[in-house]
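Quick mapping for you: the protein sequence lines, in order, are chains A and B.
Residue 3 is where the first sequence starts when you use this note's numbering, and the numbers rise one by one after that.
Residue 25 is where the second sequence starts when you use this note's numbering, and the numbers rise one by one after that.
Hints listed in this document are in silico derivations from the structure and should not be mistaken for laboratory results.
None of the values given here were measured: they were computed from a predicted structure.
Derived CB-CB ranges, DEER-like:
1) E39/A <-> L191/B: 37 to 45 Å
2) Q37/A <-> A98/B: 23 to 31 Å
3) F65/A <-> V80/B: 39 to 47 Å
4) V155/B <-> I17/A: 28 to 36 Å
5) E97/B <-> S8/A: 43 to 51 Å
6) A158/B <-> F65/A: 16 to 24 Å
Positions of the beta carbon are idealized from the N, C-alpha and C atoms, including for glycine.
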Amino acid sequence: MTGSLSAVGYGLAAIGPGIGVGIIFAAYIQATARQPESARLTQQWVWIGFAVVEALALLGIAFGFVFK
Amino acid sequence: MRVNALSAPVMAGDVHFPPSVKEFFTPALFGLDGWLTKFTIFVWVAVALLIIFFLVAYRDPKLVPSRAQWMAEAVYGFARDSIARPMLGHEGVRFAPYFAALLSFILLTNLYGIIPGIQISTNTHIAYPIVLAAISYVMFNYIGIRKHGFVKYMKNSLVPSAPWYILPLLIPIEFFSTFIVRPITLALRLFANMFAGHMILAVFTLGGFALLNAQTWYFKPISVLSWGMAVALTFLEALVILLQAYVFVVLTSSYISGALAEEH
Chain A
3 MTGSLSAVGY
13 GLAAIGPGIG
23 VGIIFAAYIQ
33 ATARQPESAR
43 LTQQWVWIGF
53 AVVEALALLG
63 IAFGFVFK
Chain B
25 MRVNALSAPV
35 MAGDVHFPPS
45 VKEFFTPALF
55 GLDGWLTKFT
65 IFVWVAVALL
75 IIFFLVAYRD
85 PKLVPSRAQW
95 MAEAVYGFAR
105 DSIARPMLGH
115 EGVRFAPYFA
125 ALLSFILLTN
135 LYGIIPGIQI
145 STNTHIAYPI
155 VLAAISYVMF
165 NYIGIRKHGF
175 VKYMKNSLVP
185 SAPWYILPLL
195 IPIEFFSTFI
205 VRPITLALRL
215 FANMFAGHMI
225 LAVFTLGGFA
235 LLNAQTWYFK
245 PISVLSWGMA
255 VALTFLEALV
265 ILLQAYVFVV
275 LTSSYISGAL
285 AEEH
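The shape of chain A in the complex, shown without the other chains (with noise of 0.2 Å):
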């Protein structure tokens, strides 16, 4: 068997920030289902909280290639 150890080192490292993806995307549909009105204002922070917990598996990407 041939190929890099360093792609489920990835596929683990994707673990953490997949959960975390979810969760708030779980909470943004709640949040929206209980309260449609407030489906405008928690929309920033929907993207804000997804982009800073998607960045973990992001740096996973980039020290895929900078630790080679």
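Chain A is fixed; fit chain B onto it per the hints.
Chain B only, in chain A's frame:
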């Protein structure tokens, strides 16, 4: 469409699969090594297009707008009414021109990633996101210092309201997160999204050719599936492009609002 654009060079030579970082370094143009590549020219084109578009669209503004004026007003209106005003309140309107310029520039340079024939975003080279992030970084710090003065700005952004004995732990963390992590993640987020997006499209497109050239005959039909995935992921990439342009601007405005805030 994708296949035609790529088939000529790929079919001629042998397929390099999987794609590597080398894909992102195109040869220098006109012998100007290190100075002029495809990416430099695309950035110039993007800047020129935006300047010409906004000048033409607003050269002769009418009460009943033309199509170009309507588009320009839609972009500016989005930056002002959907980003600047909700995030920064009434005084945020003065940042709306910067947000509109940032939004349209990132959107256009990102869109290069899925325009057939170009198909690589200039933001796949981290140099361009670094410059954009540096502008936002200098800007929010400058605005904060101008409003509060250096000492009060530092106190506002570094010293949270917490018991004194926890502050030696919190101040370094706040410093690290506000002045080091913010600009790095701002640049890295845009770069890594565009980089990964291009890589995924390259994997499926080149993977199709690799399967087609495979020795085993029953691998060949699977190449159609691979190209189908490339087309589907191009649509996903379109979503990521819009989202990242928006996120970059929203985060910039969030940092500015943090710098302008009185206490927290």
